[in-house]
Amino acid sequence: MVLGKGASSSLSRKMVDGVENMVSNCNDFTVLVVDDDPVIRKLHDMHLKKFGLRAQVVENGKKAVDLCHFGTIFNLILMDKEMPIMDGVEATKELRAMGVNSLIVGVTSRDSQYETQTFMEAGLDFCFEKPLTADKISFILQELNKKN
Amino acid sequence: MLGLGADRLRADMNRLLAFLFHQGVLDEQFLQLQQLQDESSPNFVSEVVNIYFHESEKLLRNLRSLLMDREFSDYKKIGIHLNQFMGSSSSIGAKRVRNVCVAFRAASEQNNRAGCLRALELLEHEYCFLKNKLHELFQIEQQRVLAAGVRYPMQN
Numbered sequence: 001m002v003l004g005k006g007a008s009s010s011l012s013r014k015m016v017d018g019v020e021n022m023v024s025n026c027n028d029f030t031v032l033v034v035d036d037d038p039v040i041r042k043l044h045d046m047h048l049k050k051f052g053l054r055a056q057v058v059e060n061g062k063k064a065v066d067l068c069h070f071g072t073i074f075n076l077i078l079m080d081k082e083m084p085i086m087d088g089v090e091a092t093k094e095l096r097a098m099g100v101n102s103l104i105v106g107v108t109s110r111d112s113q114y115e116t117q118t119f120m121e122a123g124l125d126f127c128f129e130k131p132l133t134a135d136k137i138s139f140i141l142q143e144l145n146k147k148n
Numbered sequence: 001m002l003g004l005g006a007d008r009l010r011a012d013m014n015r016l017l018a019f020l021f022h023q024g025v026l027d028e029q030f031l032q033l034q035q036l037q038d039e040s041s042p043n044f045v046s047e048v049v050n051i052y053f054h055e056s057e058k059l060l061r062n063l064r065s066l067l068m069d070r071e072f073s074d075y076k077k078i079g080i081h082l083n084q085f086m087g088s089s090s091s092i093g094a095k096r097v098r099n100v101c102v103a104f105r106a107a108s109e110q111n112n113r114a115g116c117l118r119a120l121e122l123l124e125h126e127y128c129f130l131k132n133k134l135h136e137l138f139q140i141e142q143q144r145v146l147a148a149g150v151r152y153p154m155q156n
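Heads up: the sequence lines are chains A and B, in that order.
Residue numbering for the first sequence follows the working numbering, starting at 1 and increasing by one per position.
Residue numbering for the second sequence follows the working numbering, starting at 1 and increasing by one per position.
Note that these hints are calculated values from the structure, not bench results.
Cross-link-like lysine to aspartate or glutamate pairs, in silico, EDC-like; alpha carbons within 16 Å at most:
(1) B:K133 <-> B:D12
(2) B:K131 <-> B:E55
(3) A:K50 <-> B:E39
(4) A:K63 <-> A:E90
(5) A:K63 <-> A:E82
(6) B:K58 <-> A:D36
(7) A:K136 <-> B:E28
(8) A:K49 <-> B:E39
(9) A:K42 <-> B:D38
(10) A:K63 <-> A:E94
(11) A:K93 <-> A:E115
(12) A:K42 <-> B:E47
(13) B:K76 <-> B:E109
(14) A:K62 <-> A:E82
(15) A:K50 <-> A:D135
(16) B:K58 <-> B:E124
(17) B:K131 <-> B:E57
(18) A:K49 <-> A:D28
(19) A:K42 <-> A:E59
(20) B:K76 <-> A:E115
(21) A:K93 <-> A:E121
(22) B:K77 <-> B:E109
(23) A:K49 <-> A:D135
(24) A:K50 <-> B:D38
(25) B:K133 <-> B:D27
(26) B:K76 <-> A:E82
(27) B:K77 <-> A:D87
(28) B:K77 <-> A:E82
(29) A:K49 <-> B:D38
(30) B:K131 <-> B:E47
(31) A:K62 <-> A:E90
(32) A:K63 <-> A:D87
(33) A:K63 <-> A:D36
(34) A:K42 <-> B:E55
(35) A:K146 <-> A:D28
(36) A:K62 <-> A:E94
(37) B:K76 <-> A:D87
Keep in mind the model is a prediction, meaning the values are calculated, not measured.
Put together the whole structure using the sequences plus the hints.
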C-alpha cells in the first residue's frame, strides 16, 4: 500500500528499468534512515547503496531531530513509525515544525488505514508498509528527482 | 569430482528453498534479500539473518517474560514487541512467523491472555523451525562454496 500526495498506484517495471538514469542523478542526495530495528537499518542501507546512495542511520526519532536541529540537511528521510524515546509521528511533526522540507517517507509494520493516515498527517510525503523493496525505492527516488 | 559435489550441493539448496517456499515458510522477500548480495557484500544474507535471529530471540524472551508475570496487564508493550517482530520477519521473507505475529497481535488487542500464551507457543515453534532450516541452508551454501573452490574476482 502506498499513500502519498499524488502517489501513483503503479510500481511498474518501467520505473526499475529507468533506474540507471536515476542513479546518475542521485549520487549527491543525502539520506537518513530512522529505525530502531537493526535488521531494517541494514536492509535499507543496502537497498540505498544499490542505487548509489550512502545513508546515515539512527535508531530513534530524537536522534533524527537532533541531527537536523544541528544543521545536517537530508534530501530523503526514511522514517519508521514505532520507535522508543521518540516515535516517527512525533519526529515528523518536529521536523516539519523546524522547517525541514526533506522528502520524508514513512515505513510501517502495520497495514492499518487509520494509523497510516495519522502518520501521513504528521507531515509525511509518502508512507509504505514494510518491507521496502527495489520497486518502492525506485518510486521514492523518482519523486526525489522531481522534487529536486 | 569437486564440480559434481558443488552441483549436487546446489541442487540440495534449491530443493530446500523450494520446500521452504512451498510450505509458506519463506516468501519472495527472501529472494529480494539474495538479490542484494554481491561480490562487495558476499555474506549479506547470512549477516542480515543473524541479526534477525539475535533480535528475534530478545523479543521472544521479552514476550515470554511479560506473559509469565502473574500481574501482567501491559498488552500495549506486547503490541510494540510484535510490531517489531512483524516488521523484521516481513523484511527477510519469514512469512509463517509474520502470520503467527498477526494472530498474536489480534489476541493482545482483545486483552486475551490465554490466546496470547497459545500464540507465543506457536510463534516459538515457527521461529525454531525457520532458524533450523535457514542454518541448514547456510551450511549447504558454505559446503557448496568450498566444493566449488569459488574465488571472487579482484576488483580494479
